[in-house]
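Chain residues, written in single-letter form:
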Amino acid sequence: MLLCQREDEAGKASAEPPFIAIDLFGAGMHQRVFVSTDGIGARGIVHDEHSPVRNFIQGAIDD
Amino acid sequence: MRIGQVIGKITMSRQDPAFKAARWLMVSPVEAQDFNTCCNKPPRLSKEPSVVVYDRLGAGTNDIVGFVEGAEATAPFDEPTPIDAITVALFDQINYQPYKG
Numbered sequence: 001m002l003l004c005q006r007e008d009e010a011g012k013a014s015a016e017p018p019f020i021a022i023d024l025f026g027a028g029m030h031q032r033v034f035v036s037t038d039g040i041g042a043r044g045i046v047h048d049e050h051s052p053v054r055n056f057i058q059g060a061i062d063d
Numbered sequence: 064m065r066i067g068q069v070i071g072k073i074t075m076s077r078q079d080p081a082f083k084a085a086r087w088l089m090v091s092p093v094e095a096q097d098f099n100t101c102c103n104k105p106p107r108l109s110k111e112p113s114v115v116v117y118d119r120l121g122a123g124t125n126d127i128v129g130f131v132e133g134a135e136a137t138a139p140f141d142e143p144t145p146i147d148a149i150t151v152a153l154f155d156q157i158n159y160q161p162y163k164g
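Here the protein sequences come in this chain order: H and U.
The first sequence maps to residues 1 to 63 in our numbering.
The second sequence maps to residues 64 to 164 in our numbering.
Don't read these hints as lab results, they were simulated from the structure.
Don't take each hint at face value.
Simulated crosslink set (EDC-like; lysine to aspartate or glutamate; CA at most 16 Å straight-line) [said to hold, decoys possible]: (1) U:LYS104 with U:GLU94; (2) U:LYS110 with U:ASP97; (3) U:LYS163 with H:GLU16; (4) U:LYS104 with U:ASP79; (5) U:LYS83 with U:GLU142; (6) U:LYS163 with H:ASP8; (7) U:LYS72 with U:ASP126; (8) U:LYS110 with H:GLU16; (9) U:LYS104 with U:GLU142; (10) H:LYS12 with H:ASP63; (11) U:LYS110 with U:GLU94; (12) U:LYS163 with H:GLU7.
If you anchor each label on the Cβ, the simulated ranges turn out as follows [unchecked claim]: (13) H:GLU7 with U:ILE70: 27 to 35 Å; (14) U:ASP79 with H:GLU9: 38 to 46 Å; (15) U:GLN78 with H:GLY59: 36 to 44 Å; (16) H:LEU24 with U:LEU153: 40 to 48 Å; (17) H:ASP38 with U:TYR159: 22 to 30 Å; (18) H:GLY44 with U:GLU132: 18 to 26 Å; (19) H:VAL33 with U:PRO112: 28 to 36 Å; (20) U:GLU132 with H:GLY59: 37 to 45 Å; (21) U:ASP79 with H:MET1: 25 to 33 Å; (22) H:ALA13 with U:ARG107: 20 to 28 Å; (23) H:PHE34 with U:GLY133: 30 to 38 Å.
Since the model is a prediction, treat every value here as computed from it, not as a measurement.
We treat Cβ as the ideally placed atom computed from N, Cα and C, and that holds for glycine.
Looking at chain H on its own, in the form it has when it is part of the complex:
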């Protein structure tokens, strides 16, 4: 599980509180990532229809 913080339009850390997402491919510290908040997709990824997971890291952004 990784702690993620949103960034604003300028790429700065957003004032919104950080949230937790699961990570299946190994994102590094301070790497920019895409996070999906689709619970149905997340349950598919963990192959468990009873998992309460929602946020998952979809991919890393090429900087």
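Place chain U on chain H using the hints.
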């Protein structure tokens, strides 16, 4: 999922039959500046409202928990269950290094 500290337990005299042997906890969301220390030292009480959370993990007072809110909170149940928050993790350690750039 958000991070919270258990600050109390709640017992019911009556409740919906769907809950069966439910345990309910009062959870105060942990603020970001307390993430790194909250597992060792109880964090200050959050300004954010506390949440009543369904618990199947056996979390106790002062434990640091991950709790899920919204539709996903009902995912672990076979039957439709009227809850909107559930504990899903007990945390041993949180490493929070906010990006300053």
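| So which of those numbered hints doesn't the model satisfy? | Hints 4, 9, 16, 20 and 23 contradicted; others consistent.
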